[in-house]
Structures are given as C-alpha cells and as structure tokens.
Amino acid sequence: MKTVINEENRRNFVSLVESMLHDKLSKCYQCGKCSAGCPVNFEMDYTPNQIIKMTELGMEDAVLNSKTIWLCVSCNTCSTRCPKGFEVTGIMDVLREIAEKKDIISKVEKEVQVFHEVFLDNVKSNGRIFELELVGKYKLKTRRLFRDMFLAPKMFEKGKLRISGEKISGLNQIAKIFKDFE
Amino acid sequence: MSRIGVFVCWCGSNIAGTVDVAKITEEAKKVPGVVTAVDYKYMCSDPGQNSLRNMIREQNLTGVVLAACSPHMHENTFRKAAVKEGLNPYFVEIANIREQVSWVHEDKERATQKAIDLMKMMVEKVKRDKPIEDVRVPLNKRALVIGGGISGIQAALDIASGGVEVLLVEKEPSIGGRMIQLDETFPTLDCSSCIMTPKMVEVNQNPNIKLYTYSEVEDVSGYIGNFKVKIRKKTKSVIEKDCTGCGECWNVCPMHKNVKSEFNMNLSERTAIYVPFPQAVPLVPVLDRSACLHFKKGGKCVKCYEACGPKCIDFDMKDEIVEETVGAIVAATGYDLMDNSIYGEYGYGKYKDVVSGLQFERLLSASGPTEGVIKRPSDGTTPQTIVFIQCVGSRDPEKGVPYCSKVCCMYTAKHAKLFAHKVHGSQSYVFYIDIRATSKGYEEFVRGVMEQDGAIYLRGRVSKIYEDGGKLIVKGADTLSGNQVEIAADMVVLATGVIPKNGAGKVAQMLGISYDKYGFFTESHPKLRPAESSTAGIFLAGMAQGPRDIPESVVSGSAAASKILGLFSKNEYEVEGTIASVNEATCVACFYCQRVCGFNAIGPKEIKDRSGKIIKVVANVNPGLCTGCGACVNACFSKSIDVKGFTDDQIYAEIRSLAI
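If you're matching them up, the sequences are chains A and B in order. Position 54 (the first sequence) corresponds to 54 in the working numbering; numbering is contiguous. If you want the working numbering, it's the 1-based position in the second sequence plus 1000.
These are computed hints drawn from the structure, not numbers from a lab. Worth double-checking, as some hints may not be accurate.
[Said to hold, decoys possible] Below, simulated DSSO-like cross-link-like pairs (lysine-lysine); rule was C-alpha separation at most 27 Å, straight line:
| id | chain 1 | residue 1 | chain 2 | residue 2 |
| --- | --- | --- | --- | --- |
| 1 | B | K1527 | A | K84 |
| 2 | B | K1406 | A | K84 |
| 3 | B | K1440 | A | K33 |
[Claimed, not checked] Here are a few chain A residues that face chain B, going by a calculated C-beta distance under 8 Å:
| id | residue |
| --- | --- |
| 4 | K110 |
| 5 | V114 |
| 6 | E117 |
| 7 | V118 |
[Said to hold, decoys possible] Heads up, incomplete: computed chain B residues facing chain A, CB under 7 Å, no partners named:
| id | residue |
| --- | --- |
| 8 | H1424 |
| 9 | Q1427 |
| 10 | M1450 |
| 11 | E1451 |
| 12 | E1486 |
Ideal Cβ positions, reconstructed from N, Cα and C, are used throughout, including at glycine.
Using the sequences provided together with the hints, build the complete structure.
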C-alpha cells in the first residue's frame, strides 16, 4: 500500500480521533502488546497496533474500511495490558463511530455492523437486552433466518432466551443518554 | 642445583573434578630437581599461600611451579608470596591446568596426562629461570593533549588542576571542537556555548596550560615518561601577543564572499583573515593565505595591516617548529561526519535543502549563519515540514559503516523538539530503524518529542528524495503499518554517521598506538582499561575512540587525566622485566628486529672504545617501550635477541620435557 501524507488531512483526522478518544495517539510505543494478546487478531486485516499507527499517519480510508475495527470484541485485554495505558479498545469504538457517521459500510464485516445497530436499538427501546427480539431482528436484517437455529432449544432450556422481554423502569434516562450522544 | 617445589591446586572441584590432582603430585615428585610436591584445595587462599611460603623457607626452594588457574588470575598473588620469602618473583611459574585442561576436557585420564605434561614443562622452564629485575623509567611530569574539543579540554583542565603542566595542541584556530558548533544539548537543552565557553576561557587562563592553537603534532618519539614531541605552529600571520582581537582586520578584508566558513559547515562565508566564531579562544585571527589577496596578487592588498592598530599582522611570518618533552600524552582527536553524497538517493549536494545534522545545528544556533532562525538554505524561507532521516551511513555495512553512531537518535529528537519550539504549527517526521536512547533522561526526552512536540516517528528508511514544485518529496516506508509513505517536505536533515577525524590513522601511527579498521583508537582493554591505549603512557579520550556523547566524552577526558595524575604521583614508572634483551656480542646490526617491532622499541646503539671510537653498532631495546611480545626474537637471524623469562633455551627445554 502507498500512502501520500497530506499534512492538513492527517492533522484533521488525528485531532478528530483524539478528541473523541480523550487520549493521544503519539503515546503508543508500537510495542505490539495489544496485538500479542488480542483473541481475534487472527481474523483481522490490520493488527491493533497497526491501526493506531495508520490513524496517526492519517490513513483514514484504510482504517475506516478495515475489518479490524468491526472484529474487535471489546474484551479490553489490549487496554488492560498496554504499558502506556493507551485506550486501544477505545480507538476501535471511536473509529466505528466515525465510520457510522460517514455511512461507511464495511464490505467484509457487514453483519458485525448490523449486529451493533440492532443491539443499540434493542437497548434504546428496552433499556436492556431482550434476546429473542435481538436475535429475530438480526436474522431479518441479515436474511439468514436458519443459521444457528439448533442452538435455540438448548438456550431456552438454560434460560438464556425468554419468550417475553422486560423493560427497565428508568427508560427516560436511557433515552437521555442516547439523545446526549446523538 | 635446582630445588623446585610443585604445588597442585584443586580449585575446589574446578580442577579436581576433571583432573586427578593426587596423580600430578605423585608424578611431580619423580621429576629430577623437584624436592617437594603437594596438592591443596585452594592454593590462592591464605592457608594455601602460607604453605607455599613455609615450603620455600623450609626446603630452601630455588623455584616454584603452581599447577593451577591461568596466570592472569593469580600469578601476581603467588609472586608476591614468593617475594616475601626472598625469592625473585620470576622464579614462580604457572602451569595452567584449569582454563587449558579441566575446563575444556572431559576424559579424566587424558586430562590428567595433559596436566602432568604442562607441569613438567613448567618445571623445566623454572629450572632455567634467571632473576629478572623490573625496569624503572624516570618520568617527565608534563603532559601533552592532542585535540582541543570537549574531551581534550576536560583532560587538560583536570591534569592542570593536579598541578601538572599541560600542552594543549589544537589544529584549528580556536579550541572548542565540535561541541562549540552545537546549539543546545540533549536531553537538558543546555546551550552548548553557554556551558562550553567558560571552560575554554579557563583553559586560556590556567597558568599550567600552554595552548598551541592552529598547530599540529608532527612527530613523537620516545616512550612513557620521556616522549619527545615536535609541534608545528602553523603561520597565523598575526603576532599573537600583540593582537587585541578587536576585529578591525576582518572587518576590512575584501574577501568576505569568497571563502566558505568551515565552522558554519559551509552555510556561510568568512573572510581571509578570520576568527572561526566570535567566542573563539584565543580571540586571535588567523590569515588563510590560500584565500588572501595579498598572497594571491603579489602583495598588493594590505588593508588588514593598515586597519590594525597594534600593527600585529606579519605577512612574512613562517611556520615554527617547537620541540617539547612530555611524560604522557592524551589522544583526543575527535570525529568527522561521513560524506553524505555517497547516497545519491538522498540528493545531498544536489538539493540545497537536504542538510546534514551538523549543518542543521548551525541553522539552529544563535551564533550561526541565520542567527538561530531556521531558514531553508535554498530560498531563506521558514520550513513548515522537515523530514529527519536517521542512520545515514551508520548501520549500513554495504555503503557506510556497520556500527551505530550513538548520538544521532538523540540529536535528531533534539532537532525535532527545537524545530517545534521555534516554528509553531510545524511538523517533523523522523525515519528511524531503532531508537537508541539509553542514558539518563534520554528515553523520556525522545518520548516527549513524540508526545508533547508531536513529531511523527516512522520506522523505516527512505528510498528516494526528489524535488517537485519547491518541495522535497520523500519516499519512505513505515514498516509498522506496512506502508510505503510519501511526504512533501520543505527540508530534509540527514543524521549522518560519525567517523574518526580525518588523519586519525596517521596520528595513531605517529604515536604507535593501535586503531581499529574504521580508524578509531583501540583501548588497551575495552572494559577494564578504557582510558589507556596499547602503548604505555598514551591515553585516549573522546570520540577518537568511537562514537559517544558529551557526558561520556567529558568522563573519558577526566579518566585519561586521572590516569596521568596517578602515573605522575610517582617519580619513576615500573615496567615488568620480561622484555627483549640483545646479546651485543653476537648482534650483526641487520636491524631486522627494528623493522618487525610494532612499538618502535628498538634502535641502534654505538659501542665505543675508551678513546671514543665506535667499534660496533648493535640493536638496543628501549625498556620503556618494549612489551616483551617476542616479534624481534623470531626475526633475528643471528639468534641474538631473547625475551627475558622466555628464552629459547627455556622454550626448547619445555618441548624436550614432553619427549621424555
């Protein structure tokens, strides 16, 4: 890959990310401890430390279209172990957010993106997760109705899925959080 | 008749584990001349040494063989013990059965046999030992320091503060060396001039220091304690004692646009009569005759002479040779930068805005050509984006040198910091392979440059620089993101590799000290004798030994000084007596020995009769210089040279003992 660094664009992108992240990209040592412990690194196109460097270099298109930002499961192993206390999980969230705002649809990890959307919708309307609704909406949106169906009986049996959902009492506060954010 | 004692050491299980020490002892007793043989767990311990001393006393021993560890370890220990019993120390011989036997062999039986052989050889050697007296050399308590950079200055000041007279010889018109060219110093950002000039002035005012600027050491002969030195005082064309340093002469010099200033790394011009920089010590100009109109146009121009108040300009002045005698020398000749133009891809020399680290240093400096305002050499505008490239020449065995120049990581970080401070909103990019920031406060400094000053560090090298629309397009790689990157820069600064000062090899040959394949002077021992050269009485300091930063240079200057003060604390210097000696009766004066001697230790000696007539010329060994290496012994056709304690007779006896 070849990157022509445009100083102005680079600075704009870096300051946007840093303002949302409340952290400085230049903190990163590039030691790779984040990538070393990442449980989903094997599926990623760029390792987490590469994402940090690429963001610093202003490679906006490459990072926002990467698989990495959508594959991150936010397990926080990276952030916990980072010797510089850098918000590695945080940068993935920030980049996902920017991608959403710019309507960048990930070509490869579209389903992950859909899952995030459905998940947030679910939280917005219930204040918590109603699994059956989440699964249903996700399947409708991805049009893959019968995938993993055989897991359902066992999940019912163990009480992981319920027929009826609950809403929390302070729904207005949840709405406020969403509103503040938007 | 010899009465030899053999002492076999177990060294705990180090020797006894692999070698049958009891058997060696038994075998030793059978060797003719051996009157006693014992083994002991630790011969070097107090009881071990006492048993050695008792045995020498009780058995009237004439020689001692220790089958033990390497002579490097405890030869001195046992010699000292023997001396206490009145034995000459050279009657103690060591058979090394640890490093040469037990540590390197497994088969106990064969190892024991080898140990017995070594022991027998040493018995034969000690039988033929003769008493040797250590050589004492008188000391001239004066020192010569070659090089007036920071390490030379530090060495001179420290020696002088010990009350010893010092001669400081500097090639350039002023002392100060490379350090005075620097702007601010990492990691504390002390202004280099501010911390350097007081030291320079101190040198000039110290009554114990005799300063020779614009001078070169031309010849050195002699040995520790007694070096004869020839110093060439190059023609300054200015009578130093009368000059007030007022500057009238260089102000009127018409040649103000024609000569590049060496001090400003060719970024500005100087006059033909000049001081390299305003704070020069001594503040006396020199007249560069190669640039002067007076010399070029047959004496027509005398403007400087006319302007000079005290009339101290002398166009007829000649080089002067001064001869001095000193007891010790410090070689602190410093460094140069590699030639950047070997990298065509960086365009140094082709593009004006591609500069070396030292040139950028001058651009930053308040005393520099731009008075500290960073300006592009091409058009004088202020650069907004600078690309710094590290390891230019260093760590490049193919085109440059394989070693790390050690200071570039730090000065590049400093450049990026000062650039950020001086040009707000500017951006620097640093291409590096590794960052070496290993001294106190260095790592924190580099991190600060990245985190506070916003320099972008790219791990990778640059492949090509070309000009496009007033910008320098830098094509490089960032291996961390796996990318080829292209940056449009206003300036490029190359962190050029450090090489020994031009002519350092010649200086080393003149001094008779060894130097490595790059031309850096080598230490007597890289770890344990870092201030000493391979030749006694010559000490090393500063970058002449290899890349190092200012604190290390200061330390090495002080180290050399303390070694000299220690040497001069005695009236005589003692040299081990195992040196070459010539049999004057058989020497045929072919002087092959002189040709092979690496230490200039052999010279001719005239033997005269009573009336003073020369009867014969023979080779003569200078005890101050001889190291007892034995090269001359091999070269001698008439077998007239032997190294004391290692005579041919002894070596052959050792070999014969193996045949019995």
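Hints and how they fare:
1. K1527/B x K84/A: Given that 27 Å is the threshold and the Cα spacing comes to 35 Å, the pair is violated.
2. K1406/B x K84/A: The hint holds at about 26 Å.
3. K1440/B x K33/A: holds, 25 Å
4. K110: Hint violated; K110/A Cβ to chain B Cβ min 25 Å, cut 8 Å.
5. V114: violated, 28 Å
6. E117: Nearest chain B Cβ about 29 Å off; hint violated.
7. V118: Constraint on V118/A not satisfied, violated at 32 Å.
8. H1424: With Cβ-Cβ at 14 Å, over 7 Å, it is violated.
9. Q1427: holds, 6 Å
10. M1450: Holds: closest Cβ of chain A sits about 5 Å from M1450/B, inside 7 Å.
11. E1451: holds, 5 Å
12. E1486: holds, 4 Å
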